[in-house]
Structure formats: structure tokens, C-alpha cells
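K.L.:
Each chain, written out:
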Amino acid sequence: MTTIRRTLTYVLVTAIALAIAVPVAWVLLASLKRRGEFYGSPWTLPEGLHLQNYVDAFVTANMGRYFFTSVLVTLLGLVFVVAVSVPAAYVIARYEFRGRGLVEVAMLAGLFVNVNYIVVPIFLMLVGWDRALVEVFPGGFFIDNPGVLSLVYAATSIPFTIYLLTAYFRSIPVDYEQAAALDGASRFQIMTRVMLPMAKPALTTVLLFNFLAYWNDFIIALTLLPGEGKTLQVGLLNLMTAQKAAADYGRLYAGMVIVIVPVLIFYALIQRRLIEGMASGGVKG
Amino acid sequence: MADAPSNTTPRRRGNGLFVLACLLPALVLFVVFMIVPTVNVFRMSFYTWSGFSPDMRFVGLDNFTRLLDDAQFVRAFQNTVALLVVVTVVTMGTGLFLAAIMTRQRLRGRPLYRFVLYVPSVLSVVVIAAIFSAIFDQENGLLNGTLRLLSLDGLQQVWLGNQDLVLWSVAIAMVWQSLGYYMVLYMSGMASIPEEVYEASALDGASAGRQFFAITLPLIWQNLRTTLTFFVMSAVNLSFVLVRAMTGGGPDGSSEVLLSYMYKQAYTNSSYGYGMAIGVVIFAFSFFVSLLVSRATRREPLQF
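Sequence order for the protein chains is A and B.
For the first sequence, the working numbering assigns the number 1 to the initial residue and increments by one for each residue that follows.
For the second sequence, the working numbering assigns the number 1 to the initial residue and increments by one for each residue that follows.
Check each hint, because a few of them may be wrong.
To be verified - In the SDA-like style, the derived pairs of lysine to any residue whose C-alpha atoms are separated by at most 25 Å in a straight line are:
#1 K244/A - W26/A
#2 K244/A - L147/B
#3 K244/A - L142/B
#4 K244/A - I172/B
#5 K264/B - Q243/A
#6 K200/A - R272/A
#7 K244/A - L155/B
#8 K244/A - P251/B
#9 K244/A - P25/B
#10 K200/A - A167/A
#11 K264/B - N145/A
#12 K244/A - G253/B
#13 K264/B - W43/A
#14 K244/A - E139/B
#15 K200/A - L20/B
#16 K264/B - G227/A
#17 K244/A - W43/A
#18 K244/A - P226/A
#19 K244/A - W168/B
#20 K244/A - W176/B
#21 K244/A - G250/B
#22 K264/B - V115/A
#23 K264/B - V127/A
#24 K264/B - G229/A
#25 K244/A - S254/B
#26 K200/A - S188/B
#27 K244/A - N140/B
#28 K200/A - P25/B
#29 K244/A - V280/B
#30 K244/A - R65/A
#31 K244/A - D252/B
#32 K264/B - V280/B
#33 K244/A - L24/B
Keep in mind the hints are simulated off the structure, nothing from the lab.
Quantities reported herein were computed from a predicted structural model and do not represent experimental measurements.
With the sequences and hints as input, model every part of the structure.
P.N.:
Take a look at the structure:
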């Protein structure tokens, strides 16, 4: 009885794991196929390493350039969010000041505001700023600016980041800071030299989740970078549209691999941390 | 979350300035890019505005009354509700069940399964949409190609082009994306239940099914409740990004969901006011559903 049940469980769980793994693996393999190989059975292996697809994707479809934009925007966003959230979370956790309760409630409410609702007003606001500053920047400044996009990324993840960091700062005993203060450390030194190193686990969790959020976003990027300098995700969306018209599967699959592989490598390296962070920190779907 | 007063730094001169300097950058970004746009969603829903002209007219609740007669809006609403119900039930049910058997039976290779199951959660929605477009491709897709190979040509479908099927295709992609995430989440919740509880009930002759309903489910109830509340909100968003990338709401509006319809009104149709009225409705709707779920699932927390 138990053996049958165990076997059944294995079969079931393996089937589900395969349902997830097979499509991903299939795309990886299909990216190496020649145009003619896409017709007929989808289960044939590629005849050779047809790397021309990757050249097409990287050069002709500009994915190489988009890759660079994505890296830039993601890194800048992470720098911004950490630079503003760490000090804010620290003073919320450790200092008494008027309006602290209000700030905390506002951040908590911010957790429930999803970016998808507010992209339209953000876009209109930036267009309005561009119009107001047309004398200074005739070509526009806020729209099509990767820096502004990273700033918006940072801003929209502030509630989540501050929420997690504040909770962690509060869990650190106050003795370390008191000792440092007795040794004559300034407030700023206490924050950066004493507390920041101790908050490393929480900081890592925050960086991981924000990295995935920024790298994988396409709604904000689609709206705020309508010009030439797109991110990878938007570039892939364009490849999908182009594929529907021209049936150029190879280039699309190569483009997908370019987007998937960095995330998969990253995931393989940090998966334990990611899953632990998810279980302890926050529910973010 | 409650903080003991002794845990804060004693008052010193100049604290106010330090606090302000630390808080201000985050607050400015938060107010400018989150609070102001959120307020604007509500404010703009009372106006008609094409977006780029300075002509902005106050129309009160007109945008909302127009919604009631908008057949496409009603359809988008129905689609959203259908997706929410189906995807929630399937994802949560299957996730719970699989997590329970994997935890209880101590399967070998659990880390590997966990690794694979969590993969969709790190992929972007565009990638998932592209993967499913490849699976559902009419001519050379994985699904139709396999059916042809098995000589089941009759079962071939235009998965994303058939008005009756497209919503189910989207639902399958949504479940594929979120199932592993919730499984991993529930597995970590169930792993913390002490083994003795199960041993004791096994001595009393409880079956595995009975153990699941009498022990596992009540003990992870709080966990389940939180995820359910969040799931409703994230499913509303996921359905949008997926539809936007995979079907564009088509064919003929048959896979339109609320948020994608809002975008269509705002950008394609340049009716920003009307679009924002839809935004307000979605906001109210997901808030209401989350509240309802949270209320309906309230139980006394159990300890072990």
C-alpha cells in the first residue's frame, strides 16, 4: 500500500516537474535549429549548432544593445533603492520622531499599491515635466531616460524594501549602537559602520527580490522608454510580434535564451537564499 | 512589529536633522512616484481627457455610469473573475496537495524538485508568454506538433486564436507560472509542523487524508490565509501582464481582462479619464475581494 502510494507520488511530482522543465529545455534546444527544422515534429533534436540565430538576435534584433540597457537600469535601480531605503528604514526602526507612525502606515499602504495601476499617471506626469522644461531640454529629458526609469523602479519598491529592512533593524539588539556611541562614533558612522554590516542578510534578500523585479519588468519599461533604447524584455516582446508576421522562430528562441540564461544562472547560484528569503520575509508574487 | 521604547536611541541634539536627512530622499521618491500617481488615478476618473491636449473637462461620475453600458468592459470583468476563480482554486488546491504529499512522504530528491518547481517564478512574464506562444503555436507549436505526431490531428486547436479557448490557454499559463511558488511556500510551512503530532494521530489510527484535514491544514491556516489574500491581488496583475504579452486581449476582446482594457482605453483610445475610471473599479474590486477572502477565512490561530 505505502509503496504504491509512494510510487504514485513520485510519478505525479515528476510529471509536474517535467511540465515545467520540458518547455524551457525545448526553447533552449529550438534556439539552435535552422529555419527548415521547425516544420515537422517538434521533438527532433537540432541537427547542428546553428548559432546564426544568436547573431541575428544579438545584432539584427538589437538584443545586445537592449541587454546593456537592462543591466544599466537594473544596477542603477538597485543602487538608488538601497541608498534611499537603508537610512530611512534605520531611522524608522531606531529614532523617535513626530510623524513616524504616519510614515509607517503610508509605507504599509504602499505595499498594496501595484505599479500596474499607476504607470499611466506616472507617464503623463513625466510627459508634463518634459513639456514644462522644453526650453531647457528641447529633446525631452524624463521620457526615454534609463536613469529616470531606474528611479521609478526604486521608488515603487521602496515600501517593500523599507518594510523588510525596518523589521530586521528592530531585531538587532541596541547594545552595539550604544557601545559605538560611547566610543564616540557619529550617528552616521553608527548607521553605516555598525548597523549596515549586521543587516547584511536582510539586505541580500532585498537585493535579490528587487533584482528580479527590475530585470523582469516590462510594463514600466514599455511605457517610459518608447524610443530606441529599450530593455531586454521589451525587445523580446518586439521579437514576438515580429515572429507572428514573419515566422522567424530561430531568432525569437535565441532571443528568449538570451533573456532566460542570466536569470537561470543567477537563480542556480542563490536559490537557497531566495527560497529562504521568500519563506521568512514577505509574500511577493 | 511593536517596538519597545528602550530600543530607540536616546535623544541627542541634532537628531531631528539626521532623521530628516535619512528620511527625506525615500519620502520624496515615494510621494512623487507612488502617492501622487495613485491620487491622480482617482482624480482623473472624474474627468474626460485625451491626455495631450490641455482640454480637461470635469464630468463627475459620467465615466462610471458609461462603464455599465460598455459591453467590452463587462466582458473584461467576467474574464477577470473567471480567471481569478479558476486559477486560484487550481493553484491553491494543487499546491497544497502536492506540498502535503511531498512533505509527508519525505521523497528523495526534494531539493531538485524544489529547484525545478520554482523556476517559473524567476522567469519574466514576457518569457512565459513567449514560451506559451511557442507551445500553443498553431503550425509548429509543441502542443499541436505532438498531437500530430500521435496521429491525434482531430484534437489540434488554434489555442490562442479560438474565442472559446483563449481564456483557458491563459489560465494554464497562469497556473504554470504560480504553482511552484505556492508549493514551495506551503512546503516550508508544513516542514515546521513537529513529527510527533503525526505520530500520535497515526497511533490513533488516523489515515493520511484525515491527517491532512485535521492537522496539516489547520496548522498552516494562517500561512494559507495570507497567501490567498495576496494571491488575489497578484493574479489580477499577472493576468494583465500575461494577456498583454501573449494575446493582446484578442481575438476580438475575448481574452481582455480589466487592467488590459484600462490600458487600451488610456493609450490606444486616448481616453485617459475613462481608463482611470476602470482603474478605480479594479482597485476597489481587488481590495474588496481581498477583504472578503480575509474575512471568510478568519479562524482562531492554532498553536502546536
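K.L.:
Please go over all the hints and tell whether each is borne out by the structure.
P.N.:
These are the hints, each one checked on the structure:
1. K244/A - W26/A: holds, 19 Å
2. K244/A - L147/B: holds, 22 Å
3. K244/A - L142/B: holds, 16 Å
4. K244/A - I172/B: Since the Cα atoms of K244/A and I172/B sit roughly 21 Å apart, the hinted pair holds (cutoff 25 Å).
5. K264/B - Q243/A: holds, 23 Å
6. K200/A - R272/A: holds, 16 Å
7. K244/A - L155/B: holds, 23 Å
8. K244/A - P251/B: Given that 25 Å is the threshold and the Cα spacing comes to 14 Å, the pair holds.
9. K244/A - P25/B: violated, 45 Å
10. K200/A - A167/A: Roughly 13 Å between the alpha carbons, so the hint for K200/A and A167/A holds.
11. K264/B - N145/A: Holds - the C-alpha atoms of N145/A and K264/B are around 24 Å apart, at most 25 Å.
12. K244/A - G253/B: Roughly 19 Å between the alpha carbons, so the hint for K244/A and G253/B holds.
13. K264/B - W43/A: violated, 38 Å
14. K244/A - E139/B: holds, 11 Å
15. K200/A - L20/B: holds, 24 Å
16. K264/B - G227/A: Status holds; Cα separation ~20 Å.
17. K244/A - W43/A: holds, 21 Å
18. K244/A - P226/A: The hint holds at about 21 Å.
19. K244/A - W168/B: The given pair, whose Cα atoms are some 21 Å apart, holds under the 25 Å limit.
20. K244/A - W176/B: holds, 23 Å
21. K244/A - G250/B: The given pair, whose Cα atoms are some 14 Å apart, holds under the 25 Å limit.
22. K264/B - V115/A: holds, 17 Å
23. K264/B - V127/A: Status holds; Cα separation ~19 Å.
24. K264/B - G229/A: This hinted pair holds, its Cα atoms lying about 23 Å apart.
25. K244/A - S254/B: holds, 19 Å
26. K200/A - S188/B: Status holds; Cα separation ~23 Å.
27. K244/A - N140/B: Distance ~12 Å between K244/A and N140/B Cα, so the pair holds.
28. K200/A - P25/B: holds, 22 Å
29. K244/A - V280/B: This hinted pair is violated, its Cα atoms lying about 34 Å apart.
30. K244/A - R65/A: OK: K244/A and R65/A at ~23 Å, within 25 Å.
31. K244/A - D252/B: holds, 17 Å
32. K264/B - V280/B: Between K264/B and V280/B the Cα gap is close to 15 Å, so the pair holds against 25 Å.
33. K244/A - L24/B: Violated. K244/A to L24/B sits at ~48 Å, over the 25 Å cutoff.
Going down the numbered hints, you'll see the structure goes against 9, 13, 29, 33, while the others check out.
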